[in-house]
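K.L.:
Could you build all of it, start to finish, from the sequences and the hints given here?
Here's the letter readout for the chains.
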Amino acid sequence: MENNKIHRTLFFTFLKIGLFTFGGGYAMIPLINSEVVERRNWLTDKEMLEMLAISEATPGPVAINVASFVGYKKAKIKGAICSTLGVSFPSFLIIIIVSFFLNAFSSNIYIQNAFKGIRAGVVVLILSACYKLFKQMDKKVVNYVILVSAIILSLGLSFSTIGIILMGAIVGIVYGLVARRSENFH
Amino acid sequence: MILLKLFMVFFATGLFTVGGGYAMIPMITELITKNQWLSYNEIVNFIAISESTPGPFAVNIATFVGFEQYGFFGALVSVLGVILPSFVIIVLIAKFFFGFTDNFYVKSALNGLSPTVIGLIFSAGASIAIKNLFGNGGDILSFSNFDYKALIIFLLIGCVVFIKKIHPILIVLISAGLGVIIYGI
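Top to bottom, those sequences are chains A and B.
Quick note on the working numbering: the first sequence kicks off at 2 and runs consecutively.
Quick note on the working numbering: the second sequence kicks off at 8 and runs consecutively.
If you are wondering where the hints come from, they were derived from the structure by calculation, not from laboratory data.
Keep in mind the model is a prediction, meaning the values are calculated, not measured.
C-beta atoms are modelled at their ideal positions from N, C-alpha and C, and glycine is treated no differently.
Be careful, since some hints might not be right.
What the hints assert, rightly or not - With a straight-line cut-off of 30 Å between C-alpha atoms, the simulated DSS-like cross-links for lysine-lysine are:
#1 A:LYS74 to B:LYS102
#2 B:LYS12 to A:LYS133
#3 A:LYS77 to B:LYS114
#4 B:LYS171 to A:LYS17
#5 B:LYS102 to A:LYS77
#6 A:LYS141 to B:LYS12
#7 A:LYS74 to B:LYS41
#8 A:LYS133 to B:LYS138
#9 A:LYS77 to A:LYS6
#10 A:LYS136 to A:LYS74
#11 A:LYS74 to A:LYS140
#12 A:LYS133 to A:LYS17
#13 B:LYS138 to A:LYS136
#14 A:LYS17 to A:LYS79
#15 A:LYS136 to B:LYS12
#16 B:LYS41 to B:LYS12
#17 B:LYS171 to A:LYS140
#18 A:LYS133 to B:LYS171
#19 A:LYS47 to A:LYS77
#20 A:LYS47 to B:LYS102
#21 B:LYS172 to A:LYS136
#22 A:LYS6 to B:LYS172
#23 A:LYS79 to A:LYS6
#24 B:LYS172 to A:LYS47
#25 A:LYS79 to B:LYS102
#26 A:LYS140 to A:LYS47
#27 A:LYS17 to B:LYS172
#28 B:LYS172 to A:LYS141
#29 B:LYS171 to B:LYS138
Stated by the list, open to error - With the Cβ distance kept under 8 Å, some of the chain A side facing chain B (calculated, not the full set):
#30 ILE30
#31 PRO31
#32 ALA130
#33 GLY177
P.N.:
Right, here's the structure in full:
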């Protein structure tokens, strides 16, 4: 893909993603999956998971982190700029417009109901993206342990996300070391 | 001057909040009310509104406050402030990330991170589901609040997704339509 095209494609792809992500970081995942992983093959599923982990553990909005990361990977700094601007643009425009109609917007019953519906739909999207990733997970015992622990810690105990990510990384390293050591014995 | 202040406040917010979105609410509430840009109630109302607008919450609220304070350029400067820390940090990490993927420790950490993130994604989906089914989308959960309409939409969309692969954008639009119909009854 020649240079100009990739910048434009990054901008418009993330524009789409920014426009249809309702409800924060995780709601973005199904869209990243469809557009970035499946449609454009810019990331593999595994790379997406890794990038998400980093995006969750670094400062700033997850969406911006993800956009910058993918953009940089495809087209260095210029690419990162294109995708970051793309993902922010719909917000920027829509909020400015909405601020003129603020009261009418928030009390409109159709809009309220539409978004109740969207929230339900987003749950399905998130869970099905999760299932897709789960199917591809290496079915090792250690992975199941990490998976279930992450769920219990975040859902049950409200542990901080960064804390859970750090733990996952540490368990990964420890497991890697143990596995390597037992290899050396055989 | 106001533009500089807007930039600095939102830059600080972007730099010091990790974990995105709603994690930044305490800090941003404090900074905004201290500068008397919005009242606490106005902030709470805006949080509710931003549930209905697309994009990252940080960008939404930066745009809103910036615009109210200094029009288009206020909004622009605030948004640039909030995204700049992310951008710089991620570009630095990405630069090194692709050079270190063969490192044993990085590989092992990433191996541990894959199931971790899958678990976090599941929790995110489950907690939104619980909030919507039992809490009217808010924080007070109780069985009497059970929203059976949410369950219906959830099951309908679930069937659709199960039967045929449809683009998420279309699903969002269909859910919006279902919401208007089912909640309108």
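K.L.:
Check the structure against each numbered hint from earlier and tell me which ones fail, lowest number first.
P.N.:
Those not satisfied are hints 2, 6, 7 and 15.
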